[in-house]
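**Student:** Spelled out, the chains give:
2 protein chains.
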Amino acid sequence: MDLEKLFKPKSMVVVGISKSNPLSPGRIIFIKNVFEMQVEVFGIHPKGGEIEGVELFTRLEDLPKVPELMVLAIPAKSTLEYVEQCAEYNIPGCIIISGGFAEIGGEGKKHQEKLRKIAMENDIAVLGPNCIGVYSPPLLDTIFMPTERITRPPKGSVALISQSGGVLVDQFFHKFNQINIGVSTAVSIGNRAVVDETMLLEYFSTKDKETSNIAFYLEAFNPSKSRKFLQLAKESEDDVIVYFGGMTEKGKKATQSHTASLSGNEKILQAALEQYLIIQPLTELELLTDLKLLDILSHKKKPFDPHLVMEGKVAILSLSGGHGVICADLLKNYSLTAVDFTQEEKLEMRDLVNPVARGIATFENPIDLTGSAKDEDLENIIKYLSKIDRIECIIVLILPYTPSITFQIGRRIANTVTMSKKPVICFIPYIPKYGSIIESLELSNIPVFHSIEEAVQGVLMLKKKTKIMNIKRTK
Amino acid sequence: MDLEKLFKPKSMVVVGISKSNPLSPGRIIFIKNVFEMQVEVFGIHPKGGEIEGVELFTRLEDLPKVPELMVLAIPAKSTLEYVEQCAEYNIPGCIIISGGFAEIGGEGKKHQEKLRKIAMENDIAVLGPNCIGVYSPPLLDTIFMPTERITRPPKGSVALISQSGGVLVDQFFHKFNQINIGVSTAVSIGNRAVVDETMLLEYFSTKDKETSNIAFYLEAFNPSKSRKFLQLAKESEDDVIVYFGGMTEKGKKATQSHTASLSGNEKILQAALEQYLIIQPLTELELLTDLKLLDILSHKKKPFDPHLVMEGKVAILSLSGGHGVICADLLKNYSLTAVDFTQEEKLEMRDLVNPVARGIATFENPIDLTGSAKDEDLENIIKYLSKIDRIECIIVLILPYTPSITFQIGRRIANTVTMSKKPVICFIPYIPKYGSIIESLELSNIPVFHSIEEAVQGVLMLKKKTKIMNIKRTK
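Chains as they are written, first to last, in this note's numbering: chain D, 39 to 513; chain B, 39 to 513.
The set of hints was computed from the structure by calculation and includes no laboratory data.
Check each hint, because a few of them may be wrong.
Just so you know, same-sequence chains aren't split out, so a pair can sit in one copy or run between any two.
[What the hints assert, rightly or not] List of simulated lysine to aspartate or glutamate pairs, EDC-like, C-alpha gap at most 20 Å: (1) LYS272 x GLU322; (2) LYS370 x GLU287; (3) LYS291 x GLU383; (4) LYS272 x GLU93; (5) LYS505 x ASP234; (6) LYS425 x GLU304; (7) LYS291 x ASP378; (8) LYS147 x GLU402; (9) LYS370 x GLU304; (10) LYS272 x GLU42; (11) LYS471 x GLU186; (12) LYS272 x GLU88; (13) LYS340 x GLU119; (14) LYS412 x GLU186; (15) LYS245 x GLU322; (16) LYS70 x GLU322.
Chain D on its own, in the form it takes in the complex (with noise of 0.2 Å):
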């Protein structure tokens, strides 16, 4: 089954435009694409005409060529005989965006079991239902949200995948916006009654070279495929990242309802997803950390390197003592220790830094160097650290408020690990002025968050890199 066509279609043709609700899911789809993305689209509605100045086609007969994509969106019962259609003209691709299938049980159970047979017998790569379709940028986007009322983020190489269209648009596309990163292509799986999240993965990860890092959100595997996923994941050159949702009693029956799936035990799961090199996020913001971490270290200037960080012996560098002891007590949340530092370090750090820090500053590990540091002293320490070969990374913690601190600290401290190697990641409080900062540090690919927490789970990210690196060598 070729699922190309899903996302990189030469043309596409809409169902269910209706004249009289500019609201309804397959008017906002036609007219996005019409409109605001690059594939070539057209519109069937039974009575003809045109909406918004388009033209309509009464049938598929009647439209100048065969498109290579078909989107539905139309009461359940009516889809099949467009399926059937798919497979009269040899149209490869369709996706499938209405409800009342599998996930109401009884009837739509029976409706998406004929849709099954249908699609297999003609090789439809059919996604959905019960879905939001693609986004798959500039060309084609069935996301049937207006796109003024959401956020789509830019083109970048992180390919998403998820079983809940909220979750994609919220999660997802709110948040990639925000952490500065983009998508090669979005898809919503829906009830997958044809393709599923295995075959997604082997495609992106063997056929799509846009593609990096592939992102699922899932409620469950697709109970008979899960192994050979956990396969694909393991010989991907890709890094593979689950963020599964319904792990809780009351979640499971929730995910039973509304995508129709059966979730596995938890302890069992997250075991073989390690084995298997899969990145599991516990959280929603570790989800984001881990993605923004991978999209960095996927960049070609590598900003360190990343194979350091085998254990996760962390320095911490701060210029206040709160935000020292706060990222200390999270080190030992996620299982990573601070370094000691030898009487004699302490004292040649001490030697480094400007007279008067130096009389208050302390140098036990977190290093907190007060409201009296300036650029050079952060350097001078970062400098310093990264020599030391115990140290595998340095969590650097800057107030950019302390008034000796310029607004270069960024492009400096981007210059020392860019010439160090040795892995930095940054905390720096979002206020939108100390924008430039950040912008220096990012432009240079060194990792920069805005809560002590992500800097930590960032560390905690570099180290499961590692190992999968390690594994993926030896092989």
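Fit chain B to the given chain D structure using the hints.
**Tutor:** Coordinates of chain B only, in the frame set by chain D:
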């Protein structure tokens, strides 16, 4: 000891104004109070003259009046003579910004002991040393960060007391602006040689009418007075929140250096705090959620009856299956429960929604009204759920990208909640264009959070608040 002059002095004098370094703490404090704040300010410089057009005095005795507050930003060893002058001239308050005291050990420790002795013998309210002082809008601001480098929160009703100046500025000030709450007075206690958290708790809970809630960042209680702190907290009409740093080994070690204090055993501490009705958030996120919710509940117009959440029994109302699933999982993590609906309730709810949603929505808990929901569906279901007594709180997951949801949804929910008085907590993803929906809810004092986790933490906070209210009532 009268603390009022630390926060509400009629006049103050700043010592330590550098003529050569415009970024020296003393100079920043002097200039910002002259130009930005309302207190009458005098500056001392041994050579007199002027700075940025403002006259300086050479000695305290030259001032036109005796100030009520002295701010010292000079090297540690020079501070004592000025504190002695406070005694001589009957200046009741003194803020010592300077570091180099107990936190560096040795000589510094001795200095601090002398300082304390003078202050106690002469009844001078000394704040610090090694602190950033006080922000008491609109009167004074001794925080030595240039104002354009930070964001200062608006006037409000939360008193903030922090053992770390960095945490005060970053974890509190920056975030308060983001979550739209304000402070009555903010205090950095530094080494707390004289004025400590216990004295401040007493002051803010009994003498400051602007304050409704009192929040602390502490790394340890002042050991000799922890019992009094707990007792004061229990008796306080205000809610008391303590967020602790330095709970791990490394964190503990760090607190010893930067604030010269020893922290206690985590579990004993937690049990004591709970017994004395102190709210103890475990993460930064929870801290802010708690403060936001308490701030809302301290408004005159209560959005709902705040003491209904006895056990944390929740109904989840969503427009996306995935969001409901994630929320149900999180309830479990926070030991809250999703109530079960009866078959009859499910059928009755189904009858309340529009025909398209009716066919595909699910009425388990979480309820998923799907992307076909309309404003009135949400409104009707909230009304219905509000009448079910065993539901203590409703979490509404509002996704404003749902095509038929309008930007009036906030106002409509606000009206419904104001009528029913059932506790409701809303989640709305934060993107600026949803601002008017968010604002319409916040103006009606309905809590709105921008992650599902915060919404769930909000319910937990309501549960804690109910418990505290019930205990305080029965006394």
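**Student:** Which numbered hints does this structure break?
**Tutor:** 1, 4, 5, 6, 10, 12, 13, 15, 16
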